[in-house]
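J.: If you want the building blocks of each chain, they are given just below.
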Amino acid sequence: MEESNDYLEIAGRKIKSRLMVGTGKYASFEETKEAIEQSGAEVVTVAVRRVNITDRSKENLLDYIDPKKYLILPNTAGCYSADEAVRTAMLAREAGVSDWVKLEVIGDEKTLFPDNVGLLEATKILVKEGFIVLPYTNDDPIMAKKLEEAGAATVMPLGAPIGSGLGIRNPYNIKIILQQAKVPIVVDAGVGTASDAAVAMELGADAVLMNTGIAGAKDPIKMAIAMNYAVKAGRLAYKAGRIPKKLYATASSPLEGVIE
Amino acid sequence: MEIILNGEKREVKENIPLIDFLKELDLKPESVAVELNLNILNKKKYNETVLKDGDRLEVVHFVGGG
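These protein sequence lines are chains B and D, in that order.
Everything in the first sequence is counted per the working numbering, starting at 3 for the first residue and increasing by one.
Everything in the second sequence is counted per the working numbering, starting at 270 for the first residue and increasing by one.
Since the hints were made in silico from the structure, they are not lab data.
Glycine is no exception: its CB is placed at the ideal position from the N, C-alpha and C atoms.
A couple of the hints might just be wrong.
[As the list claims (entries may be wrong)] Below, in silico cross-link-like pairs of lysine-lysine (DSS-like), each with a Cα-Cα straight-line distance of 30 Å or less:
{"no.": "1", "chain 1": "B", "residue 1": "K241", "chain 2": "B", "residue 2": "K184"}
{"no.": "2", "chain 1": "D", "residue 1": "K297", "chain 2": "B", "residue 2": "K71"}
{"no.": "3", "chain 1": "B", "residue 1": "K16", "chain 2": "D", "residue 2": "K314"}
{"no.": "4", "chain 1": "D", "residue 1": "K278", "chain 2": "B", "residue 2": "K70"}
{"no.": "5", "chain 1": "B", "residue 1": "K126", "chain 2": "B", "residue 2": "K16"}
{"no.": "6", "chain 1": "D", "residue 1": "K292", "chain 2": "B", "residue 2": "K126"}
{"no.": "7", "chain 1": "D", "residue 1": "K282", "chain 2": "B", "residue 2": "K70"}
{"no.": "8", "chain 1": "D", "residue 1": "K321", "chain 2": "B", "residue 2": "K35"}
{"no.": "9", "chain 1": "B", "residue 1": "K70", "chain 2": "D", "residue 2": "K321"}
{"no.": "10", "chain 1": "D", "residue 1": "K292", "chain 2": "B", "residue 2": "K35"}
{"no.": "11", "chain 1": "B", "residue 1": "K126", "chain 2": "D", "residue 2": "K314"}
[Stated by the list, open to error] Chain D residues, not near chain B, derived (Cβ > 12 Å throughout):
{"no.": "12", "residue": "E277"}
{"no.": "13", "residue": "D295"}
{"no.": "14", "residue": "L320"}
{"no.": "15", "residue": "D322"}
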């Protein structure tokens, strides 16, 4: 059913799945692994954190998520300044798995909205250092343009606050961003259920990134499967070209030949 | 001698090579990244780096995140 040549291309890399997923908030490494497999995602985000010296269970996330099978995308979650984000990205790169980074510079603890000023600054620095930068931003088309001009490999406007499950709050702005963009646009954050993901793809988004929407579901494995379908369905619907919205009806059955 | 590891003071052997220190902590060098005194250490340098008194080490790895 899928079109085998409908690849997403980011920084010269062809990616088949338009669903990207996070690895946070799962009950266990096994559940994380299973959900990611069922989602069909190829791009998987991870966070960078201090090793727990006292609790040294020998297991490591990357024992469950094979860096050869998945494109590991380290994030700079928890960074509230450009300096912190750059430092975290550099450390993540030194872990030796990826020079891609999901760049987050957070402005506020409650909303986790991006600090776009710091984000733009960090994007410029990291692009210069040779990173493939995927910045998490809001739905401001002006900001999206600036990030693109700064060399970001994609722009990732949020649908709604991280973990809020509110779906695509401002589809109009996202549509404007999509029309103006020369790089792929990945709707990241706020997806709550399958239809939210489909809506993002129907707008024309190149991909959707989510974590809580799957990991926080009552049955994450089932939701991972649902999201897999939703992103594919939304993408196909977008490419199929929907009917226009009309105020009045147009009958589907012929008008002639009605018995009298 | 004393160093600071991930924000906490720790007693370590004098002039211990970093690579041995990581082994002591049961850490695989390939799955961590290390910052020494605010400088990110290239993995190739783990073998030749020796810890000194007062060094500040940050040792990180990848965990689940969105």
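J.: Against this structure, judge whether each hint is valid.
T.: Hints, verified against the model:
This hinted pair checks out: K241 of chain B and K184 of chain B have alpha carbons roughly 18 Å apart, not beyond 30 Å. Pair hint K297 of chain D plus K71 of chain B holds up; C-alpha atoms about 21 Å apart against a cutoff of 30 Å. In summary, the hint linking K16 of chain B to K314 of chain D is not supported, as the alpha carbons are separated by about 34 Å, beyond the 30 Å threshold. Restraint check for K278 of chain D and K70 of chain B: not satisfied, since their Cα atoms lie roughly 37 Å apart, outside the 30 Å limit.
Of the supplied pair hints, the one linking K126 of chain B and K16 of chain B holds, its CA atoms being roughly 24 Å apart against a limit of 30 Å. A hinted pair counts as satisfied when its Cα atoms are at most 30 Å apart, and K292 of chain D with K126 of chain B does not qualify at roughly 37 Å. With a CA separation close to 37 Å, the supplied pair K282 of chain D and K70 of chain B exceeds the 30 Å bound. As the CA atoms of K321 of chain D and K35 of chain B are separated by approximately 40 Å, the hinted pair breaks the 30 Å bound.
About 37 Å separates the Cα atoms of K70 of chain B and K321 of chain D, which puts this hinted pair outside 30 Å; it is violated. Among the hinted pairs, K292 of chain D with K35 of chain B is consistent with the structure: their alpha-carbon atoms are about 28 Å apart, no more than 30 Å. At most 30 Å may separate the alpha-carbon atoms for a hinted pair to count; K126 of chain B and K314 of chain D meet this at roughly 28 Å. Not every Cβ of chain B is farther than 12 Å from the Cβ of E277 of chain D; the closest lies at roughly 8 Å, contradicting the non-interface assignment.
Consistency note on D295 of chain D: stated as away from chain B, yet its beta-carbon is not over 12 Å from all of that chain's, at 5 Å minimum. Even its closest Cβ contact with chain B, about 15 Å, leaves L320 of chain D beyond 12 Å, as expected for a residue assigned away from the interface. The claim that D322 of chain D lies off the interface holds: its Cβ sits roughly 19 Å from the closest Cβ of chain B, which is beyond the 12 Å cut-off.
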